[in-house]
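Asks: Next come the chains, spelled out residue by residue.
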Amino acid sequence: MIGKWIGKRMVMGLIVLFIVSFLSFFIMQVAPGDPAIAFYGGNAQTLTAAEIERITRAYALDRPVAEQYVAWLGETVKGNLGISYKEGRPVFEIIMERLPNTVLLFSVTMFCIVIGSLWLGTVAGMRANSIWDRGLSTISIATSSIPPFWLGILFIYVFAVSLGILPSSGSGDVGGNGGMVDKIRHLIMPASVMIVTHVGIYARFLQESIKRENGQYYVKVARANGVLERSIRNGIVRNASIPYLNYIAMTIPSFFGGSIIVESLFAWSGIGQLTVKAVVTKDFPLLMGSIMVTGVLVVITLFIVDLIMYAIDPKLRKGGIR
Amino acid sequence: MKLRKALLFWYSLLGLIVLLTVFSTILAPYSPNDMNMDEIYSAPSSDHWLGTDHLGRDVFSRLLEGGKVTLVVASGSVILSLFIGVVYGGISGYFGGVIDTVMMRLLEALITIPALIIILVFQVIIQGGMWSMALLIGLTGWLVTARIVRSEFIRLKEEEFVKMANMLGTPVWNILWSHLLRNSIPAIFVVTLFNFAAAIFMEVSLSFLGIGIPPAIPSWGNMLYYAQNDILIGAWWIGLFPGIMIFLTILAINFIGEAWKNPERRRVND
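Listed in order, the protein sequences are those of chains A and B. FYI, my numbering numbers position 195 of the first sequence as 195, with every residue one higher than the one before it. Heads up, my numbering is the position in the second sequence plus 1000, with the first residue counted as 1.
It is worth saying that the hints were derived from the structure and are not from the lab. On a predicted model such as this, the values are computed, not experimentally measured, just so you know. Be aware that one or more of the hints could be misleading.
As the list claims (entries may be wrong) - DSSO-like mimics (lysine-lysine), calculated; alpha carbons at most 27 Å apart, straight line:
{"id": "1", "chain 1": "A", "residue 1": "K315", "chain 2": "A", "residue 2": "K211"}
{"id": "2", "chain 1": "A", "residue 1": "K211", "chain 2": "B", "residue 2": "K1163"}
{"id": "3", "chain 1": "B", "residue 1": "K1005", "chain 2": "A", "residue 2": "K211"}
Extracted from the complex, chain B is given alone in its bound form (with noise of 0.2 Å):
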C-alpha cells in the first residue's frame, strides 16, 4: 500500500513537470528571450520568480520552455532508439546462429565506447540544431534496448505458444508480432523509461558543455552552460534551478522504472 501511494506520487510528479513544459507558452510570465538589461542578475523577487540571469532574462520562463526542448529531443531520440534496438535485437535473437553471434559481437564492441565520444564527433561535424542532437542521441542509445530484446525473443522462442503456431504454419511476421514482440512489452518498456532517463542526461551534458543545444534555444543543459560563470560571482538561481528539474524529471523516472522492473510492485489488486 505504501509503495503504490510513492508510485503514484512519481508519477504524479511527472506528469506535472511534462504538463509545465507542454503549456510553456501559456504558463510562462514573460518571453523566454525577453532581454531586459536594467534587470540583469536580480535575485529572485515577486517580479521575477526565480530571478533573472546574465542577459535579463527570466529565469522562470525559461525554465519551462527549455524543459519543453530536453523531453522533446529526450522523447525523439528515445523513439529512434527503439525503433533500432528492437528492430537489431529482434533479428539477432530470431534467427541465431551466426548472424546472432556477429551482431552481438559488434554491439559488446559498440557498448564498450563511450555514447558521448561518439556524439561529440559528430556534433563537431554537424554542429546542428535541436533535430540533429535528437538524431545522435537516438543513434548511439539503442544498444541497451537491443540487448533486451534479443534475450526476450530466445527465451520466447523456445515457448510453447511460438512452437505450436510455428507447426501451424503461421506466418513469420505475424509470429515476430504478435507472439514475440507483444510479448516483450513489458520488458521494452522498462528499458525505454531508463533509456529516457539517459536522453535527458545526455542532452544537459553535451549541452552543458556548450557543443549540444545552439545557445539561442533555452534548454535545462544550456541554462546550466551559463550558470558556471553565474556562479562565480554569486548567481546562483541561475544554475540551481535547472538542475533541481533535472534530478526531479530523472528521479520520478528512476523510480517509476523501479516499480516496473518488479512486477508484484505494480499490480493494482494485491
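For reference, chain A alone in the conformation it holds in the complex (with noise of 0.2 Å):
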C-alpha cells in the first residue's frame, strides 16, 4: 500500500519540478541576446568559435524549443546549471554554498513554529472560552497581519541601532572569528521574525480542529466512562493534527516566499536572498538555478510533511488518499 502513495506522491511532485523547469527554461528564452552566449554570461567574450558551437550543439540551440528544452533538462539534472553573469563561476557551486544556510533558516524557524503552535494551540483548544482561547483566537489574527519585512526593520532598529546587540546584517561564519555563536547570533532576528508571524495563524487553525475534536460524541464517550484527561487530551491532539499538517503543507510555498523577502532584509546569504539578487543584477541563468533548487526544496518538504502524516493517519494507511 505505501508504494502505491509514495508513488502518487512523487508523481504530484514531478508534475511541479517540470512546471518549475518550465518556467526556468522561460527565462533563458526571453533572456536577450543568443541563449548560448546568455548562458554563459560574462564569459562569454571570451568564447571560441568552436566553444560556441560546442555549446550549440550541447543545448541543441539549432534544433527546434521542444528538443532545446529536452538537451537543457538533461544538462540541468546533471547538474550544470550553467554560469553566472556576475560571478564568472558555475551556478552549481553558488547555490551549494547558499543551501546550508536556506535550510538551516528554514528548519529552526519551523521547528519553533510547530513546537509553539502545537503547544499554543492545545492549551487554548482543550480550554473553549477561557482567557487563552479567545486571547488566542485575536492575537494570531493581529500576529499575522504583521508584515514580516516590517517587523524587521522594527527589530533592527531596536536590536541593532539603539541597543547594539544583534547584527543586522549577514550569517556568520561558523569557519570565522565568532564560530557558531556568532552564526547564533545572526540567526535570531531573521528566525524570530518569521516565527512571531507565523506562530499564531497555525496555533489558531490547531485550536479551532481541536475545538472541533473536543465537541465528538467520542470524546463524549471516553469523558463518560472516565478515561484520563491526559490521554483523552493525546487522543485529541493526534486526531485533530491531520488537518494541521494538512494546513502547514498548503502554507509551505508562501512560507518560502516569506523567508525571500526576510532573507534579503538582513542579508541572511540563503537561496532566497541570491533569487532576488539574481533578479535585481538580471543573472539570467542564476535566477534559473535558484528558482529550480527553490522548487526542489518545497517538493522535498512537501513530501516529508506527507510521510508524517502517512504516520499519523491510519485512514491513508488503509489505502485512502487525501
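Need the complex rebuilt from these two chains, each delivered in its own frame; the hints are there to steer you.
Replies: Structure below.
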C-alpha cells in the first residue's frame, strides 16, 4: 500500500518540478541575446567559435524549442546550471554554498513554529471560552497581519541600532572568528521575525481543529467512561493534527516566499537572497538555478510532511488518498 | 452585541483608510514628490506631521498617495483573480469527471509553487509599472478562489432546486448564473476579501525588495524600501508609518473576513 501511495505523491512532485522547469526555461528563452552566450554570461566574450559551436550542440540550440528544452533539462538534471553573469562561477557551486543557510533558517523557524503552535493551540483549544481561547483567536489574527519585513525593520532599529546587541545583517560564519555563537547571533532576528508572524496562525488552526474534535461523540463517551483526561487529550491532539499538518503543507510555499523577503532584509546569504539578487542584477543563469532549487526544496519539504501524515493518519494507511 | 461593535469598528477603520487614500490629492499638505533638500530627514513636527525622507519629501503626503497606489494595485489584481478563479473553478466543478480531475491536479501543482517566485520571473522580464504589477499579482492569485468556487459548485449541483431546474429544461447558462454562481457569492466574497489582503502583502513585499512598483511612484512598499537604510541612521519615522498603515489595513480586512466566515456573527437581527 505504501508503495502505491508514495508513487502517487512522487508523480505530483514531478509535475510541480516540470512546471518550475518550464518557468526556468522560459527565462532562458526571453533573456536578451543568443541563449548560448547568455548561458555563459560574463565569460561569453572569451568563448571561441569552436566553444560556441559546442555549446550550441549541447543545448540543441539550432533545433526546435521542444528539443532545446529536452537538451537543457538533461544538462540541468546532471547539475550543469550554467555560469553566473556576475560572479563568473558555476551556478551550481554558488547555490551549494548558499543552501545550508537556507536549510538552517527554514528548519529552525519551522521547528519553533511547530512546537510553539502545538503548545499554544492545545492549551487554547482544550479550554474553550477561556482567556487563552479568546486571546489566541484575536492575537493570531493580529500577528499574522504584520508584514514580516516591516517587523524586521523595527527589530533592526531596536536591537541593532538602538541597543546594539544583535548584528543587523549577514549570516555569520562558523569557520570565522565568532564560530557557532556568531552564527546563532545572526540567526536570532530573521528567525524570530518568521516565528512571531507565523506561529499564531498555525496555533489558531490547531485550536479550531481541537475544539471541533472536543465536541465529537467519541470524546463524550470517553469522558463519561472515566478515561483519564490526559489520554483523552493525547487522542484529540493526534486526531486534530491531521488537518493541522495538511494546513502546514498548504502554506509551505508561501512560507518559502516569505523567507525570500526576510533573507534579503537581513542579508542572510541563502537561496532567497540569491534569487532576489539575481533578479535585481538580471543574472539569468543564477535566477534559473535558484528557482529550480527552490522548487526542489518545496517538493522535498512537502514530501516529508506527507510522510509524517502517513505515519499519523490510519485512514491513509488503509489506502485512502487525501 | 460586543462582536457587532467590534466589527463596526473594523468597517469604519477600513472605510477611513480608503477615504484617506482616495482623497489623497486634496488632503495631502504637500505634493508627494516635492523635494526639499533643506529639510531632509527632519523628524515629525508641526510642519511635517510625520517627518520627511532622504529627499526632503513629506512622509504624510507620500503615505496617502502611496496608499492609493497600493490599494489600486491590490483591487485591480483581485478583480482579475476573481474572474479567472470563478471561470476555472466553475468549469471544473460544473463539468466534473476527467476535466475536473485534470484541472484540479494542475491547480494542486500550481499552488505548490511560491507565487512570489513566479512573479519574480515575470517581473525580471517585463519590469513594468503599476498595471503590470496588478496583472502579475492577479494572474498568480486565483488558485484559492478557483478551489472554493469548484467545491461550492459541486455542492450546489446536487441540490434539489438545481436538479429541478435541469429537469425543467432551464438553459445551462441560466443555471450557472442564477443558481450556482449566485448561491456561491457568500463563499466567494470571503475568499476575495482574504485575496485582497494577500494582494496588498504581495505588492508591498515586491516593492520592498525594489522589484515592484517603479521607485518614481510612491507606494507603501516603496517607502519601506528606502526605510531599510534610513533606519540605520536612526530615521525611524520613515519606516514606522507605512508599516502601521499596511498592518491596520490587513488587520481590518482579516477581522471582517473572519466575521463573514461565521454566518451567525454577521446577521443583523440576532
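Asks: Confirm or reject each hint.
Replies: Quick rundown of the hints versus the structure:
Note on K315 (chain A) and K211 (chain A): the hinted pairing holds, with a Cα-Cα distance of about 21 Å set against a maximum of 27 Å. With a C-alpha separation of about 36 Å, the suggested pairing of K211 (chain A) with K1163 (chain B) is violated against the 27 Å cut-off. Taking the CA atoms of K1005 (chain B) and K211 (chain A), the gap is about 25 Å. The hint holds against a cut of 27 Å.
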